[in-house]
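Visitor: Note that the protein sequences, when read in sequence, are chains F, B and V.
Going by our numbering, the first sequence opens with residue 45, and the numbers climb by one from there.
Going by our numbering, the second sequence opens with residue 5, and the numbers climb by one from there.
Going by our numbering, the third sequence opens with residue 36, and the numbers climb by one from there.
Hints listed in this document are in silico derivations from the structure and should not be mistaken for laboratory results.
All values reported here derive from a predicted model rather than from experimental measurement.
All C-beta atoms, glycine included, are put in the ideal place defined by N, C-alpha and C.
Don't take each hint at face value.
Label-pair ranges, simulated between beta-carbon atoms [what the hints assert, rightly or not]:
hint: 1; chain 1: F; residue 1: Y534; chain 2: V; residue 2: V207; range: 38 to 44 Å
hint: 2; chain 1: V; residue 1: L129; chain 2: B; residue 2: A88; range: 52 to 58 Å
hint: 3; chain 1: V; residue 1: C84; chain 2: F; residue 2: Y238; range: 32 to 38 Å
hint: 4; chain 1: B; residue 1: P47; chain 2: F; residue 2: D240; range: 38 to 44 Å
hint: 5; chain 1: V; residue 1: C80; chain 2: F; residue 2: R553; range: 40 to 46 Å
hint: 6; chain 1: V; residue 1: S122; chain 2: F; residue 2: L169; range: 49 to 55 Å
hint: 7; chain 1: B; residue 1: R124; chain 2: F; residue 2: I482; range: 41 to 47 Å
hint: 8; chain 1: B; residue 1: W68; chain 2: F; residue 2: A275; range: 48 to 54 Å
hint: 9; chain 1: F; residue 1: G352; chain 2: B; residue 2: R124; range: 28 to 34 Å
hint: 10; chain 1: F; residue 1: Y534; chain 2: V; residue 2: L129; range: 41 to 47 Å
hint: 11; chain 1: B; residue 1: R124; chain 2: F; residue 2: D240; range: 40 to 46 Å
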Amino acid sequence: MTLFSTDHKVIGKQYIGLALFSVFLGMLLSLVMRFHLVHPDTKVRLFQMLWPEGAPGGQMTPELYLSLMTMHGTIMVFFVLTTAPQSGFGNYFLPLQIGAHDMAFPVLNMLSFWTTVLSLVTLLLAFVVEGGAPLSGWTAYPPLSGLGKITGPGQGLGQDLWILSIAIFCVASLMGAINIIVTVIELRAPGMGYFDMPLTCWGWFVTALISLFAFAVLLPGGVLLLLDRVAGTSFFIPGGLIVNDQVQGRSGGSPLLFQHLFWFFGHPEVYIAILPGMGVISTVLSVFSGKKVFGYKAMAVAMLAIGGLGFVVWGHHMFISGMSPYSSVAFSVLTMAVGVPSAVKTFNWLATLWGGRLRFTAAMHYALGFVSLFITGGITGLVLGQPGLDIYFHDTYFVVAHFHLIMGVAAVFAIFSALHYWFPKMYGRFLNERLGKIHFFLTFVGVYAVFVPLHFAGFVGNPRRYPDFKEYEFLKSVTGLHMGVTHAAYFLAAVQLIFLFNYFWSQRRGAVAPGNPWGATTREWTDD
Amino acid sequence: MTNVARTGQTLLVVASSMLFAAVTSAMVVRRGIGGDWVAPELPVCVWATAVLGPLASWLVLRGWVRGAVIAGGLLVVLQVLVLAELRMAVIGEAFLSVLVGAHALHAAAGVAALARWGERAGLFWHFVGALWIYVLFLFGVWA
Amino acid sequence: MAIAILIAALAGATLALFFQPRWWFPEAISAHARAYDAHFLVTLCVIGCIFVFAQGLLAWVIFRYRDRGQAVTGSDGSSALEIAWTSATAVIFLGLALAGQGIWAGVHLEGSDPRALHVEVLAKQFAWSYRYAGADGAFGRVDVKQIDDAGGNSFGIDAKDPKGKDDLTAAVLRVPVGRPVELHLKSRDVIHNFFVRELRLKQDVVPGMTIPLRFTATKTGTYEVPCSELCGLGHHQMRSSLVVMTEEDYAAWLAEAQQKVVLP
Chain F
45 MTLFSTDHKV
55 IGKQYIGLAL
65 FSVFLGMLLS
75 LVMRFHLVHP
85 DTKVRLFQML
95 WPEGAPGGQM
105 TPELYLSLMT
115 MHGTIMVFFV
125 LTTAPQSGFG
135 NYFLPLQIGA
145 HDMAFPVLNM
155 LSFWTTVLSL
165 VTLLLAFVVE
175 GGAPLSGWTA
185 YPPLSGLGKI
195 TGPGQGLGQD
205 LWILSIAIFC
215 VASLMGAINI
225 IVTVIELRAP
235 GMGYFDMPLT
245 CWGWFVTALI
255 SLFAFAVLLP
265 GGVLLLLDRV
275 AGTSFFIPGG
285 LIVNDQVQGR
295 SGGSPLLFQH
305 LFWFFGHPEV
315 YIAILPGMGV
325 ISTVLSVFSG
335 KKVFGYKAMA
345 VAMLAIGGLG
355 FVVWGHHMFI
365 SGMSPYSSVA
375 FSVLTMAVGV
385 PSAVKTFNWL
395 ATLWGGRLRF
405 TAAMHYALGF
415 VSLFITGGIT
425 GLVLGQPGLD
435 IYFHDTYFVV
445 AHFHLIMGVA
455 AVFAIFSALH
465 YWFPKMYGRF
475 LNERLGKIHF
485 FLTFVGVYAV
495 FVPLHFAGFV
505 GNPRRYPDFK
515 EYEFLKSVTG
525 LHMGVTHAAY
535 FLAAVQLIFL
545 FNYFWSQRRG
555 AVAPGNPWGA
565 TTREWTDD
Chain B
5 MTNVARTGQT
15 LLVVASSMLF
25 AAVTSAMVVR
35 RGIGGDWVAP
45 ELPVCVWATA
55 VLGPLASWLV
65 LRGWVRGAVI
75 AGGLLVVLQV
85 LVLAELRMAV
95 IGEAFLSVLV
105 GAHALHAAAG
115 VAALARWGER
125 AGLFWHFVGA
135 LWIYVLFLFG
145 VWA
Chain V
36 MAIAILIAAL
46 AGATLALFFQ
56 PRWWFPEAIS
66 AHARAYDAHF
76 LVTLCVIGCI
86 FVFAQGLLAW
96 VIFRYRDRGQ
106 AVTGSDGSSA
116 LEIAWTSATA
126 VIFLGLALAG
136 QGIWAGVHLE
146 GSDPRALHVE
156 VLAKQFAWSY
166 RYAGADGAFG
176 RVDVKQIDDA
186 GGNSFGIDAK
196 DPKGKDDLTA
206 AVLRVPVGRP
216 VELHLKSRDV
226 IHNFFVRELR
236 LKQDVVPGMT
246 IPLRFTATKT
256 GTYEVPCSEL
266 CGLGHHQMRS
276 SLVVMTEEDY
286 AAWLAEAQQK
296 VVLP
C-alpha cells in the first residue's frame, strides 16, 4: 500500500505534496486578508458562505481577519517552510546523496509523515469548530491565548486545537529529526567523511540538529499553555486579571516565560526553514557555474555556526517585551554576530559564480533570485537586531517585510529551484524550462513589488495585525501603498498558476530526462 | 545492539533531556518571580519508587526482561496514582504534575520498548530510570 | 543575462523608493527621537552600501560570466578571502551593534529623573486610561474589587486611602512640554503596547508587571497612540492620544480637571 509506504522517496513526495497543498491554502488566506485590508467595508457573499459566523452578511469581522492571519502564519511556517525543504527534499535525496538505501528508521519515517498529517488536520479543524480559528497569531502569546473564549471567539476550542496541532507537529518533527541525524551519522557510504557530504546534506543535518533541540522546547511550552487553558494552572497567567469585567482567579504566572520558551524555538525555526535551502542553492549555483562550490568547508562551518548561534539570539524578538534591558544588549551583540556566517555564505555564493560559465536554466534562475532576495531580506536584520532601532519597528510592517523576504520568499525560491533541479530524478521528466523561467521572472518581480513597499509602511509606523486602518489619522497616508501591495499580491498569486500547471503537466507530459541531465557529480545522479 | 539503534536511542535521550531541561528552567523562573511558590510534599512511598527504575535496569542487564517490564509497569501505575493526588491550581504541584506526567509517558514507552525489543531498548530504559531520580531529586531537595 | 538586468533594475527601484517623501518617519519631538533618527540614518547608509555592493556584484557576475563558451577559470576556495570577508563583516556588524547601544541606553538604562511627572498608564481591552497623582504627589492604593469602568474608576482606586482622594484619571495623556515624564505601564488583562511614533518609543504593557517608560517631549501638539501588540479583536481600535501642552495650558487643564475629581 503506497499510502503508508516506508520508502523514503514516496514519503519525500508525500511531504512535498502536503507542503504544496498548504502553501496554496496559506496563499489564498493571505489574498483574502490583503483584500480586506484595502476594502474593509465591502461585503462579499463568498465570505459569508465560507464563514457564516465570521462574516455575517458578507462583512468580515475583525476576529475573522485575525483568525485568517493566525492560520496563514501557522500553515506557512510549520506546514510549508518546515516540511518541504527538510522533510520533503531531505527524505528523498539525503539517502541517495550519501549512498544509503533508505533512512535509518523507515517505519518511523512513515509515522512522522502521518503524524504531520494529523497535525495539519487538527489545525484545519479549528476553522469549523464553534467560534472558528484562534486570533492570537502564530506566536500565541498568553494571556490572550491562555484564558479561553472570554478573550475572543476563536479563543475557545479553536485555540485548543491550535495548541494541540503544534504539539503533535513537535512530536512529528522530533521523529523526523532523529531519523535524519542517525541516517547521516550511521549510514554514510563507506569512506565518506562528514566533509565529503554535499552541502545539501549538511543543510539537512544541521537543520535536524536544530529541530531536535528547538521542538523539544516548544513541545512543553505548548503543553504548559494548554494546561493554563484547560486545567486552571497559572504558568503564564498572572494574578489579579480582569478580562471582560470578570476577575480571573489565577496567581503569579509570567507571560514573558512563555515568550522565552516560544522564541527559544521560534528563532532557530527561521534557520530550520532556510538552511536546507542554502544547501540546495549552493549545489545549484555550483552545477550551473560548472565549478565546485567556493569555500566548501567554510560553507559547512558557517551552517554549523548559524545553527549554534541561532540558539542564543532569541531575545531579539523580545527587546520591547519588558524583559531586562541589559539582556537586550547581550542579545543584540549575538544577533549581529549570527549575521556574519550568513554574509559569509553570500560571499561564497558570489565567489562560486566568479570565473564560471553560467548556464541559465530555470533552477539557476531561482537560485540567483534566492541570493538577491537573501541580500534584500537579510540586511534589514541589521536594523532590527539593534534594540534601540527595534523600538520603533517592532510589530510594524517593516518586520512583516523583513521576515517574509528572508524566511518566506527566499525559502520558497529555494524550493522552486530544488523542484526544477531534481524533478528529472523524481519523475524522469523535466519541468518545462520555458514555463519555469516565465514563472520565475513574474514571481521575482511580484515579490519585490509586494514586500519592498511594506518596509515603507513600517517607516510610517504602521502596526501589523490590524484588520483595517480606519481608526488612525496617520494611517491615511499608507492606504495608497497598501492598495498597490494588494494588487501586486493578486498578480503574484495569479502567476503561481503557471507553476501549478507546469508541476502537474510535466509529471505526465514533460520532456523525458536522461539519467544525469545537468552534468552533476553528486551520487543521486551518478549511482545506479 | 546495532549502531543505528544505539545512535537513535542516544538522540532520543538528548531530545528528552532537552524537554525536561526546558520544564526545569521554566520552573526555576516561575518559582523566582511568582511569589506564590509552595514546595509540594512528597510522601515516603513516592520516594520509594526511585528504586524501581534502577531495579528494572539491573534486571535488563541480568537478562530477565520480563521482570524488568513488571518493575517498569509498576512504576507507571504508581506515577498515575501520584498524578491523581496533585492539585493543578497550586503551581508547585502543577509543575510536579507536568514532570510526572511527562515521565510516565517516557516510562510507558520504555516499558513497551523493553517488551518489544528486549535488551536492545536497554539504553533508553536506563535513561528513564535516571530521569525519574532526577525528578524526585528536583522536588525533594531543590524545590 | 535578463536576470542580471532585472536584479539591477529591482535594486534600483528599491533605492529609488527611499527618495519619495511620503512614506517616512513622522517628525521627531524629543532629544531621543532625534538621536534615533541620526543613528538610523547611519545604519541606513551602511546597509544601503552593502545592498548596492552585493546586488551590483551579483548582477555584474551574472552578466560577466554568462555562458559564451569560455573556459571555467575561477578557484574553488581561498582561506585569505574567507578570513577577509568574515572579519570585515564582523567588524561592520558588531560596530553597528555597539554604535546603536547609546539610544537603547538612553531610553532604558538611565535612572529616574527627580523632577519627573509620574503618570500611571492602564491598558485594557480595548482602551487606555491615565492616572495623575494629584496635589499630594502620591498615588492612592488600588483594589481590584473596586474597579468600576462605568463609574469612572477603571484603576480601582481604593476609596479608603486618603492619598487616592485627589488622584485624577483621564482618557488622554496630557503632559507639559520640556518636562521629564515617567510613565508606569500596567495592563489589566492581556499584553498591549504603548507606542508614540513621534517619540520613537514603544513598550509592551504586560499584565502582572509595572514597566517604566521615560521621555521628555520638546514640541507641543497632539500625537496618536496606537496599540502595537495584538490584544484581541479590538486591537486596531485601541487608540489614544498624547497631548503635549505648554506649561501654562497644562497648569490650567490640571487645575480645572482637579476640581472635577469626584471619587466613588
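Visitor: With reference to the structure, classify each hint as holding or not holding.
Guide: Checked hints:
1. F/Y534 <-> V/V207: 38 to 44 Å: holds, 40 Å
2. V/L129 <-> B/A88: 52 to 58 Å: For V/L129 and B/A88 the Cβ distance comes to about 55 Å; the hint holds.
3. V/C84 <-> F/Y238: 32 to 38 Å: holds, 37 Å
4. B/P47 <-> F/D240: 38 to 44 Å: violated, 57 Å
5. V/C80 <-> F/R553: 40 to 46 Å: 52 Å Cβ-Cβ, so the 40 to 46 Å window is violated.
6. V/S122 <-> F/L169: 49 to 55 Å: holds, 52 Å
7. B/R124 <-> F/I482: 41 to 47 Å: Check failed, 55 Å falls outside 41 to 47 Å.
8. B/W68 <-> F/A275: 48 to 54 Å: violated, 39 Å
9. F/G352 <-> B/R124: 28 to 34 Å: holds, 32 Å
10. F/Y534 <-> V/L129: 41 to 47 Å: holds, 42 Å
11. B/R124 <-> F/D240: 40 to 46 Å: Violated: the Cβ-Cβ distance is about 30 Å, outside 40 to 46 Å.
Against the hints set out earlier in the document, violations occur for numbers 4, 5, 7, 8 and 11.
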